[in-house]
Amino acid sequence: MAILSLRGVSKSFGEGPQRVDAVRDVSLDFERGEMVSLVGPSGSGKSTLLAMVGGLLTPTSGEILVDGVDIARLGARERTRYRRDQVGFVFQGSNMVPFLTARENLLLVAGFGGMDKGALRRRADELLEELDLTHVAGHLATRLSGGERQRVAIARALMRDPALILVDEPTASLNTELGERVVDALAEEVRGRNKACLMVTHDERMAARAGRLIEFRDGRIRHDGSVASDEAARSDRG
Amino acid sequence: MLALIEMKRRKLQFAMVTGVVALISYLIIMVTGLGLGLNERAGTGLLALDGEYLAYASNANLSVIRSRLTDAHVAAIEDAPGVERATPVGYVAAVVEYGPEESDTAATLGVVPGSFAEPEVVDGRQLEAPDEVLIDRAWARLAGTSIGDTLPLPVGFDSRDFTVVGVVDQGYVFFQPTVYVSLEDWQALAYQGDPSQRPAASIVLIQGEDVAGASGDGWQVVTKQEGFENIEGVQAQQSTVDALRYMGLLIGTLVIGVFFYVITLQKVSLLGILKAIGASGLFLATQGMLQVFVVAVVGVLISVGLAIVTEATLLSSDTVPIMFNTNSLVTSSASVVIGGLVGAALSVRQVAAIDPIIAMQQQ
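From first to last, the protein sequence lines stand for chains A and B. Going letter by letter, the first sequence gives residues 1 to 238 in my numbering. Going letter by letter, the second sequence gives residues 1001 to 1363 in my numbering.
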């Protein structure tokens, strides 16, 4: 069974003539272990879709089933708990709490409750190790480089062992080489830990590092396929 | 703990606001102390009298200075309904030269020796004979007079020597330390004319029940507290001090409120991210309130420390009428802490209003 299923999901903003249909009747399934790039021009609806899956926006209509539960129907408190326990977010900008060290940023989620602190501590050290961050674990977030900061953000997203990893433009502030390293680290964690990962990006080279690529245009799916066939299609055209 | 780590890592900002809170709290404590001190100077001597009611001449407008009662008045007051015991008390301000070129005014109260108006001595003995005087501790501190010394009290342009036989702890009347003489001696000090024309008392001290409001031909009775509040200047001084205290408290509340409002504004995007990754609004608000609480409590503790040091150094002399008691310190401290938490309520609303979607909207 798919870990995440979207059934006829639409989202519109505003009323009457100001009404904007950001997402129109989108239905998709995602499996565990799958890394998916969401691409498309700005305003195509990819970020709105990510926000809805992450429980930051509620759809105007349709169902978003995570492990069989429709998160569109959750109340505010359950939605906060859903984000805490089942979603790992990596945002594009200043992800970190600036006055905490890298390690403290990971342990921060311990303060949100619902998990054993000893287990969180072990997990933080394990993730710092895997993401090659042990040497900067005690550095304040403000002293980390852009690449280190995004890897800490990935580690934080994995801290509570969520089913979904949602990533919004993870490489916007990085050069190509650093960006590739960050996305590769992310892909490795997603496959190794059997998560489903949705990554919004406008960088085609980053998008190509995912297994599946979904292209949006005007709130609809324009293309959905594996990256290999996608590249084949592109080379056919070329 | 997120809140405490933030305070530790942003020491300068939090130290500054704590310092400001400490100074405001210190100001409130000092003003409250000034209010208590002024009250004490104005008339604790009157409040310390061992009775519940005071009778004044009706034309005196509840002024001890202006009130004069005759023997007939005193007798009528003794017979008024509800009065159990009544005793005349005389008042005169006497300029005392206690050393070469050194003089001060003593609130000289005339009492019937052995009556309940005569205060208990804390040292020495009670009044027994004419030309004896009991002095308050405040006068002993001021003039260095002690038991066995001679205290010259003025009679017209001359003076009459009184022997200090006891020390009492009654405080001040009209900002003057009190001294006690017999009623006859008081009459001689206060009125130099025909002895048959001398008033019998300034006021009458009464023990009894439900006597307040009683009045007769030329006299009226009020509670001791009402008599105290009608001492010249007491009400004005109390309302000034209260206005200063409330202003201080308002400023403290606003400073804490504005500080936390601004640092919350600075952190809106961060708080949005924390909400997006699963922090509840309650968790974040609790962290904010914890910071407010720490700032207010530390600030108040510093101010109490400052106040205690001030009392031990500056105020050990008798010149500044500031006094503290545990009650006033606790009240002032608690009001600053509560004011701070009220001021921070604005920031809590702000935190609650942050929509976690902003985590995806920043560049």
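Simulated from the structure, these hints should not be mistaken for lab results. Misleading hints may appear alongside valid ones.
One-sided excerpt, in silico: chain B residues whose CB lies under 10 Å from chain A [said to hold, decoys possible]:
1. Leu1002
2. Ile1005
3. Arg1085
4. Arg1160
5. Ala1276
6. Ile1277
7. Phe1283
8. Glu1311
9. Ala1359
Now the in silico label distances, taken between C-beta atoms and shown as ranges [as the list claims (entries may be wrong)]:
10. B/Val1268 x A/Ser145: 58 to 66 Å
11. A/Pro17 x B/Leu1250: 45 to 53 Å
12. A/Asp116 x B/Leu1004: 17 to 25 Å
13. B/Leu1250 x A/Arg122: 48 to 56 Å
14. B/Asn1325 x A/Asp116: 17 to 25 Å
Stretches of chain A that chain B covers, calculated by requiring three or more beta carbons in the stretch to come under 8 Å of a beta carbon on chain B [unchecked claim]:
15. 48-62
16. 69-83
17. 108-119
Just so it is clear, the structure is predicted and the values come from calculations on it, not from any experiment. Every residue, glycine too, gets a C-beta built ideally from N, C-alpha and C.
Hints, verified against the model:
Below 10 Å, beta-carbon pairs count as interface contacts, and leucine 1002 of chain B has one with chain A at about 6 Å; its hint therefore holds. The interface hint given for isoleucine 1005 of chain B is met, as the beta carbon of that residue sits about 6 Å from the closest beta carbon of chain A, less than 10 Å. For arginine 1085 of chain B, the interface hint is violated, the least distance from its beta-carbon to any beta-carbon of chain A being 69 Å, above 10 Å. Given the 10 Å rule on beta carbons, the hint for arginine 1160 of chain B is violated: about 77 Å separates it from the nearest Cβ of chain A.
Against a cut-off of 10 Å between C-beta atoms, the interface hint on alanine 1276 of chain B holds, since the closest Cβ of chain A lies about 6 Å away. Annotation: isoleucine 1277 of chain B was flagged as interfacial toward chain A, and the flag holds, the nearest CB pair being 5 Å apart, inside 10 Å. Because the closest C-beta pair between phenylalanine 1283 of chain B and chain A is about 6 Å apart, less than 10 Å, the hint holds. With a least beta-carbon distance of about 39 Å to chain A, the hint placing glutamate 1311 of chain B at the interface is violated under the 10 Å criterion.
The beta carbon of alanine 1359 of chain B comes within 5 Å of a beta carbon in chain A, closer than 10 Å, and the hint placing it at the interface holds. Hint check: valine 1268 of chain B to serine 145 of chain A, Cβ distance near 25 Å, so the stated range 58 to 66 Å is violated. A C-beta distance of roughly 49 Å is found between proline 17 of chain A and leucine 1250 of chain B, which places it inside the suggested range of 45 to 53 Å. Judged by the Cβ atoms, the range 17 to 25 Å given for aspartate 116 of chain A and leucine 1004 of chain B holds: they are separated by roughly 22 Å.
Roughly 51 Å separates the CB atoms of leucine 1250 of chain B and arginine 122 of chain A, a value that falls within the hinted 48 to 56 Å. For asparagine 1325 of chain B paired with aspartate 116 of chain A, a C-beta distance near 50 Å fails the hint of 17 to 25 Å. By the rule of at least three residues with a Cβ nearer than 8 Å to a Cβ of chain B, the coverage given for the stretch 48-62 of chain A holds, with 5 such residues. Counting residues of the stretch 69-83 of chain A whose CB lies closer than 8 Å to any CB of chain B gives 4, which reaches the minimum of 3, so the coverage claim holds.
Look at the stretch 108-119 of chain A against chain B: 5 of its residues bring a Cβ nearer than 8 Å to a Cβ of that chain, three or more, so the hint holds.
When each numbered hint is compared with the structure, violations occur for hints 3, 4, 8, 10 and 14.
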